[in-house]
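Chemist: If you read the sequences in order, they're chains W and V.
Using the numbering used here, the first residue of the first sequence is number 350, and each one after it goes up by one.
Using the numbering used here, the first residue of the second sequence is number 12, and each one after it goes up by one.
Hints were generated in silico from the structure; no laboratory data involved.
Wrong hints could be hidden among the right ones.
As the list claims (entries may be wrong) - Computed spacing ranges between beta-carbons, pair by pair:
1) W:S564 with V:G197: 48 to 58 Å
2) W:N413 with V:I36: 40 to 50 Å
3) W:P655 with V:D47: 53 to 63 Å
4) V:F84 with W:L392: 46 to 56 Å
5) V:I176 with W:R452: 19 to 29 Å
6) V:H141 with W:L392: 27 to 37 Å
7) V:I50 with W:L673: 49 to 59 Å
Only a predicted model underlies this, so the values are computations on that prediction, with no experimental measurement involved.
Positions of the beta carbon are idealized from the N, C-alpha and C atoms, including for glycine.
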Amino acid sequence: MNNPQISEIDDSSLEIGQLSYRQLIWRRFRKSAMGLIASGILLIFYIVAIGADFFAPYHDNDINMRFRHVPPQALHFSMSDGFYVYGLKSTRNPETLELEFTRDETQRHPVRFFFKDGAGGRRLFSSAGPMFLFGTDRMGRDILSRMIYGGRVSMTLGLVGVCLSIVIGSILGTISGYWGGWVDNLIQRIIEVLSAFPDIPLWMALGAALPPGWSSIQIYFGITIILSIIRWGGLARQVRGKVLSYRESDFVMAARAAGAGHWHIITQHLLPGCYSHIIVIATLAIPGMILGETALSFLGLGIRPPMTSWGVLLEEAQRVTVLLHYPWLIFPAVPVLIVVIAFNFLGDALRDAADPYSD
Amino acid sequence: MGTYILRRGLLAIPTLLAISIISFIIIQLPQGDYLDREIQRLEEEFGDSSSLTQVEELRERYGLNEPLWKRYFIWMGGFVRGNFGESFEYKREVHELIWDRIAFTLIISIGSLVFTYVAAIPLGIYSATHQYNWSDHFLTFLSFVGMSLPAFLVALSLMVFAFDIFGIPLFGLFSAYYEGAPWSWGKLGDLIKHLWIPVIVVGVNGTASLMRIMRGNLLDVLGQPFVQTARAKGLREIIVVGKHAVRIAINPLISILGMSLPSILSGSAIVSIVLGLPTVGPILLRSLLNEDIYLAGTLLMMLSLLLVIGNLLADIALAWVDPRIRYE
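Looking at chain V on its own, in the form it has when it is part of the complex:
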């Protein structure tokens, strides 16, 4: 098991390197740089940009005059040591800006993942054990609708509904009272009160597709001879399904864990923008629009890193459950 984890972990390194190169190139794609934009803005506002006389000096400081490959190595060299460069817009070190946001992204993503599995597995089991019943048809239809709902539209509609009917503003993760307050039990409670909405909204798509997969898996397993044997032995149906069939049918869901991460991270990014949550999404959008390259690059890299780590954990979990994979 140890060697498997090590081998799998080492394999992730070249992937991460490729990701970092692609991220860096994409971030550099827009024409011009942040300073060009700043000059343009000053000229539009004040008619001249003389307040930014030290442009060349600034370029030098941010390393914008170096060739692309050299900038990449400087950035990457800093990255592995936890120095992600400086944000042009916020005039602060990138690492000061992102950790809180990554933490909230993780909280929402993990919350959604848990919600997805907790909701989808029972629904899938119910659907499979009532195959072709009207409730199965209804759940199937619902799952199709759920798979098709774009998370940001759900978030938008929920927000309007909540405000229109209950008069609750659903914006942000904290109420105004706790917004800047230090951490306390009250603040934690307030967070949880706000958290469940994004968690469910982000999880809707995943729940719907996972439910269909669970249903399909269980139906496959229920058709197998050992289930028939269990029934023939006279076991009660609840034991046949719960103890014999579901255990086998749940196994493939672990490998899907890795696959459902990208959509959850994507979903949380866009839902956060709509709901104004302090996660990676809104700041990424802002930094992309402002060509705040080091901030945007770091965020893109961090999101991919989360994905790679998530996939790694899913693979390890799968190897742990299914010994055949370890010896491949």
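Chain W extracted, bound-state conformation:
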């Protein structure tokens, strides 16, 4: 695959024996339409989230007390103004004394592209006037911007957490399968005990234990560690099974007879056989991590403001009375669903592709 020419050759006519393992996987994977669509969607989501400073119209903590709970504004287009939103007219509700916003058609705020904001950064699109395409929250912060910034935390947290469980899981799984004996027994018992806890209650207990004085970054990594504490067990079991099945195989025996050390055998002969499985399990574990973070933050035990994550945004939507008045607060649930579904489809397509010799 390193050679760009090889991938351009029409390999569909080639026999299995003529292609490398990676080429076979790629050949399988690209047949799955859902897998391709899912990876495209995820790519876009990650690009937007990582470039949040450019893609979000405002900063996530730009407070605007004059525009609290503004409903989503519609985007309009005309030949003279380009894209624009109408201005906002506020009236005080005589019963609830809350400000209510209606559209003021006399004003038009054009959407500016590559807008230079107050801090000197460039934004893909923004507006000088109030422009809240997904509405605002109780402090007048733009929900769309908060969703984009929140994605940065929620989606990377899943990745970092999965990397952590891959590291723990493969190390312990390999040790367990390769050496066996009492070490194996001990590790298996630990996994059993960990899997005997229902995960959300255990996460809740651990989340409550994070010190209140920690900074956002410390909390971020704390939550990541909490989420991966439970998840490594399943991965370790799979790696152990694979290592066990390869341990006595001819190629490992040959390597051992040739005088290879443990490290060489593990890294050169055993682990490569597990890679595809590890990747599949990891992909399927990411949605669980994202949902775990969302659930924890939703309960107020996860990421804490001023850091923004999808769970933190949904925490505001926790009370039904609030949701009934301001239904747009539920919008952050949409990216959660899309990302989780996309990861599930991607993982499923990878699982089918990871075993290309099965036809």
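The hints should help you fit chain V onto chain W, whose structure is shown.
Modeler: Relative to chain W, chain V alone:
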């Protein structure tokens, strides 16, 4: 069979001990204790905490001055005798607070489990027998969405929908009329009327994944020679599938029973918090936030105990169906 159950039951004891130690340590992790928090609260509210002069006395009474290991043994010693300690916040014995909630947790969890299997098996069979049909594709897509839906978001959206469109408040397990009333047929009916929503919400994830597993299993079995033989004999398709294939394909689902319990208990905890149901979830959250350690520890322990018992029952059921396991 008897020896298998005994052996399997004895194996659960060390697991439970390890769980109790971990639970106890986790509960003690937050800095300070309930009384520190109480002092802080009083100082913020009234400017001084002199009303709590007997702090040291209280610490002594709750055993908070003892070293960790000693507290664990005191707690554990009480636990096996059904004395779980005292709740700081409610000023009552823990066991008075939890049994109702555990009962409701069980009702919802078992209800969800039944719903999961009842819904997933027919759907899986239908999906497998119509493989690559548009209805199969549709069901597959639906199951992916179902697997990805976080239960608390489903609960939240359902609540808003129900209120917005039908004007029904979905909060709690009883209507206001029956809330404090003694048990009666009317109250039972009222409970059932409220119960189906959490049961379905908690069961959505499980149903979706179980359906996919059932579909896969059945497809594997349908490809086997004995199914071909049955067809060659001229049996009707409904008998081939219903009597020959499904019976074999359903077997592995029993071992999954044990695996689906954690997600159902987790789901019921968080859904209960959203829907305000009187189960273990909301009180656990509260006790964790307030560092009400004995209450939180007992609840965590009870949830794990339910899981271990559930796994035990699933294993026994599997051994009962498949004799090979008993003689392993």
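Chemist: If a hint holds in the structure, say so; if it does not, say that too.
Modeler: Evaluated hints:
1. A hinted range of 48 to 58 Å for the beta carbons of W:S564 and V:G197 is consistent with their spacing of about 54 Å.
2. For W:N413 and V:I36, the hinted distance range of 40 to 50 Å is satisfied, since their beta carbons lie about 45 Å from each other.
3. At roughly 26 Å, the beta-carbon separation of W:P655 and V:D47 lies outside the given 53 to 63 Å, and the hint is violated.
4. Checked against the given bound of 46 to 56 Å, the beta carbons of V:F84 and W:L392, roughly 55 Å apart, stay inside it.
5. Roughly 26 Å separates the CB atoms of V:I176 and W:R452, a value that falls within the hinted 19 to 29 Å.
6. Taking the beta carbon of each, V:H141 and W:L392 are about 33 Å apart, inside 27 to 37 Å as hinted.
7. Checked against the hint of 49 to 59 Å, the pair V:I50 and W:L673 fails, with Cβ atoms roughly 39 Å apart.
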